[in-house]
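Since chain A is already given, all that's left is putting chains B, C and D on it; use the hints.
Chains as they are written, first to last, in my numbering: chain A, 16 to 539; chain B, -13 to 480; chain C, 46 to 541; chain D, 15 to 141.
A hint or two may mislead.
[Claimed, not checked] Sample of chain B residues at the chain C side, in silico, Cβ under 8 Å:
hint, residue
1, 2
2, 380
3, 390
4, 392
5, 402
6, 412
7, 423
8, 427
9, 431
[Unchecked claim] Short derived list, chain B residues pointing at chain D, Cβ under 10 Å:
hint, residue
10, 144
11, 157
12, 159
13, 180
14, 184
15, 226
16, 290
[What the hints assert, rightly or not] Now the stretches of chain A that chain B is said to cover, found in silico as 3 or more residues with beta-carbon under 8 Å:
hint, region
17, 501 to 510
18, 526 to 537
FYI, nobody ran anything at the bench for these hints, they're computed from the structure. Positions of the beta carbon are idealized from the N, C-alpha and C atoms, including for glycine.
Take a look at the letters that make up each chain.
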Amino acid sequence: MTEMAHALLGGGLPPGWPLLLAGLIAFAVRSEVIGRLAGIAGLCASLALVPDLAAAANLLPLELALMVTFHLVVGIGILFAGQRPDRIAVAGGLIAGGAALAALAARTLLGFAIWTEVIALASAFIVMAGGTPRALSAGLAYLLLQVTAGVLLLIAAALGQMDAPVVLWLLFAAFCLKVAVPPVHGWLVAAYPAASPTGSLFLAAFATKVAVVSLGAALAGAEPLLWLGLVMAVGAAIPMLFEAHWRRALSWSLVSQLGVMVAGIGLGSPEAMQGVVLLAIGHILYSTLLFLAAGSLEIRDGKAPRGLRVLALLGALSIGLPGLAGYGGKALIGEALIHHHMAWADYVIVVVGALVFAAVGLRPLVERCTPAPGAPWISLREAAATALLVAGSLLVGLFGPLIAPAASVAWHAGPLIVQAIALSLACLTMVPAVRRRWPQWPDALDFLALPKPAWVTGAITGLTVFGEMLSRIGAVASALTAAIGRTGGRLLLATARGLTAGGLGDGVLWALALLTVALIVSFG
Amino acid sequence: MSVLDHAPVLVVVLPLLTAPIIALLRSARVAGVATFVVAALDAALAFVLFARTLDGSVISYAMGGWAPPIGIEYRIDLLSAVMACLTSFSAALVAWFLPVSIAPEVTPGDRPRLFAAFLLCLAGLTGMVVTGDLFNVFVFLEISSLATYVLIAAGAGRDRRALTAAFDYLILGAVGATFVVIGIAFLYVVTGTLNMADLGNRLPLAGKRAGVVGASFLFVGLALKTAMMPLHRWLPNAYTFAPAAVTTFLAMTATKVALYLMIRLAVLVFGTPDEIGRINFATVLPPIGLVMLIAGSALAVVSADLKRLLAFSSIANLGLMLVALGLGGAAGIAAALVNLINHAVIKGGMFATVAGIVHRRGSSRMDSLAGLSREMPFAFVFLMIGGMGLIGVPLTAGFVSKLLVVKTAFDLGQTMIAAGVLLSSLISVVYVWRIVEACMIAKPAKPGRRHDVHPIFAAPMALLGVGTLALGIEGGPLLDVATRIAAALTGGAS
Amino acid sequence: MSGAGLMLAALALPLATALLIALVGERRPDLREAVTLAGATALAITVALMIAGFDSATAAPLVLATLVPGFSLTLKAEPIGLVFAGVASGLWILNSLYSIGYMRAEHAPRQTRFYACFALALSAAMAIALSGNLATLFVAYEILTLVTYPLVVHWQTEGAIEGARRYLAYLLATSLVPFMAALVWTWVAAGTLDFTPGGILAGKVSAALMPVLLGLYAYGVGKAALMPLHGWLPAAMVAPTPVSALLHAVAVVKAGVFTLLKIAVYIFGLPTMAAAGDWLVWVAGGSVIAASLIAMTKDDLKARLAYSTVAQLALVTLAVALGEPLAIAAGVLQLVMHAWGKITLFFGAGAIQIATHKKKLSEIAGIGAQMPLLIVSFLGGALSVAGLPPFGGMWPKYLLLEAAAGRHMVLLVVCLGLSTLLTLGYLLPVVITALFRKPRDEDPHALPDTGHEPSPLPLLALLPPVITAAGCILLFLAAPAILAFIAPAIGLETLP
Amino acid sequence: MKDLVGLFPYWAVALLMMTGLYIVIAQGNLVKKLIGLGIFQVSVFVLYIAMGVVSGGTPPILETGFVTYSNPLPSVLILTAIVVGVATLAVGLALAVRIRESFGTVEEDELLPLTEPEAPADAEPHA
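Same shape as in the complex, but just chain A:
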């Protein structure tokens, strides 16, 4: 039980326990306000715990930064939720946040498997809180796939001590599912836009990031991951270009950036690993900003409030502008690629970064964020959230090397120049001539988002066909046995009655019959 006990308690309560508690309360209580208050209380308590946690579980500074970022996102989520009540999303976000913290601090594979399951559960309910039938099927598909991954992890943990190739394959399959590596990435693109705007904030931050960081810990240096990552980065960027729905485009960009991180993990060098975590933190910050912008646009049914442009611009810039969140991590991974004498791969990453900057940052800013005359200002909540995020983005951008020693390489001339060229080219695409010939339509290239939620839920309903078949067999079998029983009973009764019916004479006749039999047997 040592392993179990250790996985469970790991010395005292798991790190994110205040958030978990707050989440449970929010989930069970009907009123919104109490839920959010509990959330804020949980957040503060959890933040207070972070310092002594750092000492106890000897976490790397990067991991600590990631935890702080998680707290930041939880705070932003609660702030933004005030805009439009969404009880289940808030509760789910709190639980997912708490579980994410615990998963990061988990030392054993079993502990990690347990807490990623909890994140998956909470996230699934966030998706389903979207309320539309699409959200329901996407959420159920999300949960079934994530639980499959969880079960694979559990099996790996159970096989743990054997370290056969089987365990490695199991881990690889589980993480592919969790990190939305093609061809099993469709669920992310289907689920994240379907959730409510607040829900998207939480989804984007926790589940995939914890998975990527842990993938790094488990399978660093695996060669296939490098190529898989690059394919993923490029592959996901293409549908993003043509996607009109802002949040769906953001989801494609999320998959693409995850590809970059997976590629980084494939390299395996310490430099690359720091790059992955730094990119993860950076990506959380800028994607939250952009999801915030998209969300505030959506809750006002597309009528952009004044001030949204500033928010969208800051979000777009922090994708790639040096000094802000997004650039540091990508540059590090780029350098690691160069050291791995795969310079062309570095350019690929930079180009993808630029495309993301253009498609998800600039285009919506230009086309959708211009406020109509007399439109109301963005709410104080949104402004505060933006300020916090930008501050965080700046901190990570400028003081990257503090938490990731190798990050200083990002400030060398080479990466800076390449990044500058890429960004300026991206701005060129905003020229009206080019923009007009750049078509965009909702649910673009949807066929690429494999596996479709309908397929996953279809698989389940498909199974009910087997269930029907089995219950029919059962019914037929019991009818058959009942029939046999009845006829047997009737037959038995007929013979028994035959022995008993008849008049007095038959009785004596039977006596004589028995006598003759007895005599024959005796003399036989």
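Chains B, C and D alone, transformed into the frame defined by chain A:
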């Protein structure tokens, strides 16, 4: 030569002589009380015999001083004593509520004569059990049968079919008894003696053919008396249409005493398993027993009257006893005896309860039982205890008997017989649950208020009900007595 | 109070409660309910004392009666038994609370008989838990079947009578024939029926016949509802919900699988069981998958939960068939976790029925808004039964995975993984329909609203499910402690 | 041939026994069944007596001047058997009378429908 030394003969003579005196009494009440007193005294005497033979000693009492084998000798070993206790205790229990139970059926004027018949029947049964002389067994068999025909016919007050039932039983009983006499004739011709113990020694030396014919006639005669299938047709009608109190007495004793004779003669007359020629119980009885178990239970499931249902259940349980006897050896006989006593207690308890129900509600048909669990909870509880005993639910005597038969079968490697017994005992679940649903689930036409059994029935019901549970929880002592009897019978067979 | 005294009290307390309930009767319902609760708490305390004071050295057998020489009623405390007793007595309190709320909301007739039989059932369950030999276990097992019959047939409608008849037919047929045959065969082969660590059958029955004996036990213990003899469990859904909770979680099916565990550990002995149990592994595995598949097709909530129980019980049978100490540990844990998880589900289904008079999955769209706390606890129970962290149900499946992996049974590992998914497949739709789906007006299945405006959920019907859901989470943390408690009894040296 | 003559009584017994049983089986009238029963029982009596005969022995009644007697035991036994036979006959006839009063017939084929065992009781008042 204190009075108790004459216990062996007194236990028979007492009811025999008091019967005519009671018949001449005018007041039915006095006759009723006298009957109970005589029966109780008889039970005390039987218990004295039981106490004396418990240590394995055998009491031999020469009638009129004529030494055996000329004179009639009453040999009482533990088996006879136990059976004597069974018949006399049953008689005492039934005599307690007999006057109240048969009041609706028999006019006060006729009751003293009925009580006399009852005592005669007791005398006949006890005599059969106690005597050591084979022809004397026939005489007592006839006495008890004739008295039984009269007792059954007394049921005509409630249902005229009692008369035809009695007549059928008379004809079949007489034919059966005559077969027994013929059997005795052949055995006498071959061995020259009628004393059973003596006969047991001489028979192996005697000529084969006559002995075999005698054994066959005797077997068929007894088969008829124990209602062995296919000669069982008299039992259902007799038990159903006789007055409930009489049925209780018959169920506890009639077929049991005939089975006692089979056990007694199993070693002396009928062949042991390895002997070909004479009726070999090991090959004959298990099949017949299983058929009875299955057919009896099946017919019980469809009978419309509770007494008829219990009658068929008796046939089924008899089948179980025959299977045990058929397994042979000391273990087989012990299992048969335990079954015999347990079934007497269970079935006695149930029929006494039915007597109480019939006395209060006038009919024992299944559809008239609706609402019994609410209106007569006391009766319902004891009916349930008996029902659980019939199924063989643990903590009741039924379980102990079924367990013993199955274990003996397994011990002797007869797994097929064990499986057969277990499977066919399943049908008992069906007919017992018919009773449960009839009493508990069925909705009465008009929900009557609570109106339980007449207090006089309470004592016998309680005694037999508690007996069913006690024999189920502490089955050890009874099994110990049965094992000792079986050992004496098979081991020390002279 | 010495060990023997406690054991006697554990048996006598429910009996006394039943008697008192019968005496108090319909006249003073509140007093009667108080008696039930008092009895339940007293029993829970007694069992707790036994667990606390348990020391395998001093646990002496207590002979109550000897039916026949060699076949005695003996009580003996041992870890697995105490775990079962703990579960049964603990859940009895909650079930009683729930029954009071449920039966009064449904204005049920004959409640005295209901509570009295409930108490008797618990007494039989205690006797099973504390049995010192297979004979006592068989006796108590039979009595449990008979005592629960009046509970199953409670409504005494035509459907109830038919369902109860099937319930009884299956359970009595399996126990009177195969179970008794196996019992007597063991008694004759091994000479004794006492539960002895390491088993009594080693070498006593030929290797060819051992699987046959195991088959007789596996299908003889009808209460373990192994397919295809599981028909009685769905048939018993005619009973009121608290009885379904008793059947599925507190006593009846638990007695079944508990019997299999004791037979595996103390009669066969694990090595013998491992050798003879191969065929049972596949039968149990197949029945897990088959029952889950059928459960998905059931529209009636309670039928769905019934087939879910058949599947979850087959997991314990699977653990027994594997015959590894680790698997037996998983079996015992599954017994505990499934009890708490499944009782939450039944409390939930019952509460939904009280509040909205709806029994079908197609009817309960959108009721989540009305009773969020109930649906959340139902979700907790569902996830625990599915075996997802952070609920207790996860540990048994994890340990089973480890045991299966230890035996290199890849197909079994896949089957166990699949079972978690299938369980989600048939349990989650209930929660999702209740929480997220809007009651569509044009819902083809939606029955016209039966005019009952949803009556408020009585507190007594709401509290127990929440407590048991919380219990599932607590058990998640307590699992290591339970395993440590039973480890010595099942020869588990290194704790996983 | 000598055996045939010597065994004459046993042939008589067999003949009587079979006729008696035949009457009981074949005859529908209850009283005739009783007569058949009587014949059947008489055949047994003859069997016992025939068994006890000692060639040259006088019937077992003490008389001066006779030395060899037939075996007295069978004769004594049959005395009891005769009493039993008579008693059975008496009870049988009494029952036949009561059946005649209640059912109005003693023919078995007429009685059978009236005594359907499963039918509910339709007891007539006392005859």
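So, going through the hints one by one against the coordinates:
no. : hint       : verdict
1   : 2          : violated, 39 Å
2   : 380        : holds, 4 Å
3   : 390        : holds, 7 Å
4   : 392        : holds, 5 Å
5   : 402        : violated, 11 Å
6   : 412        : holds, 6 Å
7   : 423        : holds, 7 Å
8   : 427        : holds, 6 Å
9   : 431        : violated, 16 Å
10  : 144        : holds, 5 Å
11  : 157        : holds, 6 Å
12  : 159        : holds, 8 Å
13  : 180        : holds, 8 Å
14  : 184        : violated, 14 Å
15  : 226        : holds, 7 Å
16  : 290        : holds, 5 Å
17  : 501 to 510 : holds (count 4)
18  : 526 to 537 : holds (count 8)
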